[in-house]
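Asker: Heads up, the sequence shown is in my numbering, so the first residue is 9 and it goes up one at a time.
These aren't lab readings, by the way, just hints derived from the structure by calculation.
Check the hints yourself; a few may be wrong.
Each computed BS3-like pair below joins lysine-lysine, with the alpha-carbon atoms no more than 27 angstroms apart [unchecked claim]:
| hint | residue 1 | residue 2 |
| --- | --- | --- |
| 1 | K36 | K55 |
| 2 | K36 | K14 |
| 3 | K11 | K36 |
| 4 | K92 | K44 |
| 5 | K55 | K14 |
| 6 | K55 | K44 |
None of these values were measured; they are calculated from a predicted model.
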Amino acid sequence: MAKEEKTFQGERHRAPRGTWTIYPELCKGCGLCIEKCPTHVIYWSDKPANYGTLRVTVDASGCIVCRQCMFHCPDAAIYVQVDKPKK
9 MAKEEKTFQG ERHRAPRGTW TIYPELCKGC GLCIEKCPTH VIYWSDKPAN
59 YGTLRVTVDA SGCIVCRQCM FHCPDAAIYV QVDKPKK
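The whole structure should be built from the sequences, with the hints applied where relevant.
Answerer: Written as structure tokens, this is what we have:
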């Protein structure tokens with residue numbers, strides 16, 4: 009029996025030094041990312057998460073791409089890509 013692969017659609021937000029992506033299908037609305045964000049730019053969205061809870065969103069203009077939200081998310085619902093330094 010072949011294993012079926014599922015693709016998730018991310019909601020991207022451009023930050024000054026990278027890109028912040030939330031995968032709503034994976035977010036269970038636990039709020040750990042909100043708690044761990046040192047700049048307090050992650051907040052509750054009015055859109056539902058996959059589990060009937062609210063999901064999170066970001067004010068990417070203040071995101072410092074530290075990746076703390078990504079490291080603490082138990083469901084890998086957040087991905088933060090840091091831009092490569094320009095030479």
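Asker: Please go over all the hints and tell whether each is borne out by the structure.
Answerer: Comparing the hints with the structure gives:
For the hint linking K36 to K55, the alpha-carbon distance of about 12 angstroms falls within 27 angstroms, and the restraint holds. For the suggested pair K36 and K14, the alpha carbons sit about 17 angstroms apart, so the restraint of at most 27 angstroms is met. A distance of roughly 24 angstroms separates the Cα atoms of K11 and K36; the hinted pair therefore holds under the 27 angstroms criterion. With a C-alpha separation of about 24 angstroms, the suggested pairing of K92 with K44 holds against the 27 angstroms cut-off.
A threshold of 27 angstroms between alpha carbons decides the hint, and for K55 with K14 the separation of about 22 angstroms falls inside it, so the pair holds. For a cut-off of 27 angstroms, the pair hint linking K55 to K44 stands: about 21 angstroms separates their Cα positions.
The structure shown violates none of the earlier numbered hints.
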